[in-house]
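A.B. asks: Chain residues, written in single-letter form:
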Amino acid sequence: MKKGEKLVIVGCSGSGGPAAMLSRKLMPEIDITVIRKEKFFIAR
Amino acid sequence: MAGLAASNSIVVPDKMLEGAGINVVQDEVTKVDAANKSVVVSGGEEFKYDKLILATGASSFIPPIEGKDLEGVMTLRGLDDAEKIKSYIADKNPKNIILIGAGFISMEIASLLAEHMPDKFNITVIELMDRPLPLMLDKDMSDSVRQYLEEKGLTILTGEKVEKLIGQDGKVTGVTLASGKKLDAEMVFMNVGVRPNIDLATDIGLDMARFGIKVNPFQETSDPDIMAVGDCVEKINFITQKPTPGQLRGPALLQGRIAAKRLAGYDIEFPGVMDAGGCKMFDMTITATGLTEETAAKEGFETVCAVVDSRSKHAMIPGVKPWKLKLVFDKKTQKLIGGQIVSHAIAPAREIDAVTAFILGGATIPRLTTFTSASNPDIAPEPSAEPITVAAEQALMKLRKS
Numbered sequence: 001m002k003k004g005e006k007l008v009i010v011g012c013s014g015s016g017g018p019a020a021m022l023s024r025k026l027m028p029e030i031d032i033t034v035i036r037k038e039k040f041f042i043a044r
Numbered sequence: 001m002a003g004l005a006a007s008n009s010i011v012v013p014d015k016m017l018e019g020a021g022i023n024v025v026q027d028e029v030t031k032v033d034a035a036n037k038s039v040v041v042s043g044g045e046e047f048k049y050d051k052l053i054l055a056t057g058a059s060s061f062i063p064p065i066e067g068k069d070l071e072g073v074m075t076l077r078g079l080d081d082a083e084k085i086k087s088y089i090a091d092k093n094p095k096n097i098i099l100i101g102a103g104f105i106s107m108e109i110a111s112l113l114a115e116h117m118p119d120k121f122n123i124t125v126i127e128l129m130d131r132p133l134p135l136m137l138d139k140d141m142s143d144s145v146r147q148y149l150e151e152k153g154l155t156i157l158t159g160e161k162v163e164k165l166i167g168q169d170g171k172v173t174g175v176t177l178a179s180g181k182k183l184d185a186e187m188v189f190m191n192v193g194v195r196p197n198i199d200l201a202t203d204i205g206l207d208m209a210r211f212g213i214k215v216n217p218f219q220e221t222s223d224p225d226i227m228a229v230g231d232c233v234e235k236i237n238f239i240t241q242k243p244t245p246g247q248l249r250g251p252a253l254l255q256g257r258i259a260a261k262r263l264a265g266y267d268i269e270f271p272g273v274m275d276a277g278g279c280k281m282f283d284m285t286i287t288a289t290g291l292t293e294e295t296a297a298k299e300g301f302e303t304v305c306a307v308v309d310s311r312s313k314h315a316m317i318p319g320v321k322p323w324k325l326k327l328v329f330d331k332k333t334q335k336l337i338g339g340q341i342v343s344h345a346i347a348p349a350r351e352i353d354a355v356t357a358f359i360l361g362g363a364t365i366p367r368l369t370t371f372t373s374a375s376n377p378d379i380a381p382e383p384s385a386e387p388i389t390v391a392a393e394q395a396l397m398k399l400r401k402s
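Those sequence lines, one after another, are chains A and B.
Quick note on numbering: this note's numbering labels position 32 of the first sequence as 32, and the sequence is numbered without any gaps.
Quick note on numbering: this note's numbering labels position 107 of the second sequence as 107, and the sequence is numbered without any gaps.
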């Protein structure tokens, strides 16, 4: 993805969270939004 | 559930994501407009995307049996469920608890309840197959687990099918089995698997597979701008190369990271799942990876197997605990295709990761007879008792005889 492009991640626990965090590390200049319906991100 | 960690300590704080510059929205996505590349949430807000990742997970599967909606019938999937269970126990003080399905979630719940509140409950686990942990362990390994748990006070009924849940005034009071038996229960856990959350993907019109959203090894769906990861997608078994649900946290996490790498320009493929997993019950730790002997046979493998008893330390060291390992080999190629560990200490159970690595590397029986582990009297068995090497040698002898 290129600078300024938008990444949206729907849902987030075991896979969405890691996808978001690594995307941020690898692509610091993209726009990332995570949308989840749950109150929390569960780690386990 | 164990009470070993506070609820908020297993939650990834939003601050961690927001601190990394990630926009976090708590809302339900109601529509994905793939043509216009936008997502709409229940509050009406619209989010445009260049790339979309679906990580919608899975939900507990509740079989359509009579009585499933009675009060006191529960599942365990997430934090909310765990808190509901603890609160129900505190409020209703159930005496008889039944767990349907003897997979690792059921067995861990049963053990935790018995361990942390001893003598408070009559706990019965009901399993359709002939043993507890039937997807992780063959019967020769599972028998010792069953004996251990029964000695700890659990009742384990195998080869029994639950016909219906019975209740009174809207509350569960028991279970009727197909064999005609009736068991009292004021609380029933249904842990018989999960199903992928695929409503959004279906609405979009993505290609679907038997066990979830269809993706390629880079986590790309049939829409070039949509990826899917985790429990909502179908996986491929590394050994059989056949489709499988593979709904465990390890593969989910890996797939999330593979999707991120793909978007960043890397070409790293998801290798497939081996269903590597573990569970702990009282002071017994059980781990498994790859195919069991039974599953391998169903998949058409002719196998050669070996079971080795070992110990957590050198025999003369105080505190030594027993553990045992089973390895499953494909007789035709002599390759390792599965492993199971039942251990009375935690550390040896992690040797399953070495088994996984050997499977990934295509290790064969002859090769594994030359394996040497890191050995120290206080942390490992004597090198002569290293169970992977001994199991490989046993398999080698079996091949010679056959």
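Hints were generated in silico from the structure; no laboratory data involved.
One or more hints might be untrue.
Partner residues are not named here, just some residues of chain B that face chain A (Cβ under 8 Å, in silico) [unchecked claim]:
id, residue
1, G19
2, I22
3, V229
4, L396
5, K398
Where is the CB? At the ideal position from N, CA and C, for every residue including glycine.
A.B. asks: The structure should be examined with respect to each hint, and the outcome stated for every one.
C.D. replies: Tested hints:
At a threshold of 8 Å, the smallest CB-CB gap from G19/B to chain A is about 10 Å, leaving the interface hint violated. Given hint, I22/B at the interface with chain A, holds; its Cβ is 5 Å from that chain's nearest Cβ, closer than 8 Å. Among the interface hints, the one on V229/B holds; its C-beta lies about 4 Å from the nearest C-beta in chain A, closer than the 8 Å criterion. Interface hint at L396/B: violated, since its Cβ lies 39 Å from the closest Cβ of chain A, which is beyond the 8 Å cut-off.
For the restraint placing K398/B at the interface with chain A, the shortest Cβ-Cβ distance is roughly 39 Å, beyond the 8 Å limit, so the hint is violated.
Of the numbered hints stated above, those contradicted by the structure are hints 1, 4, 5, listed in ascending order.
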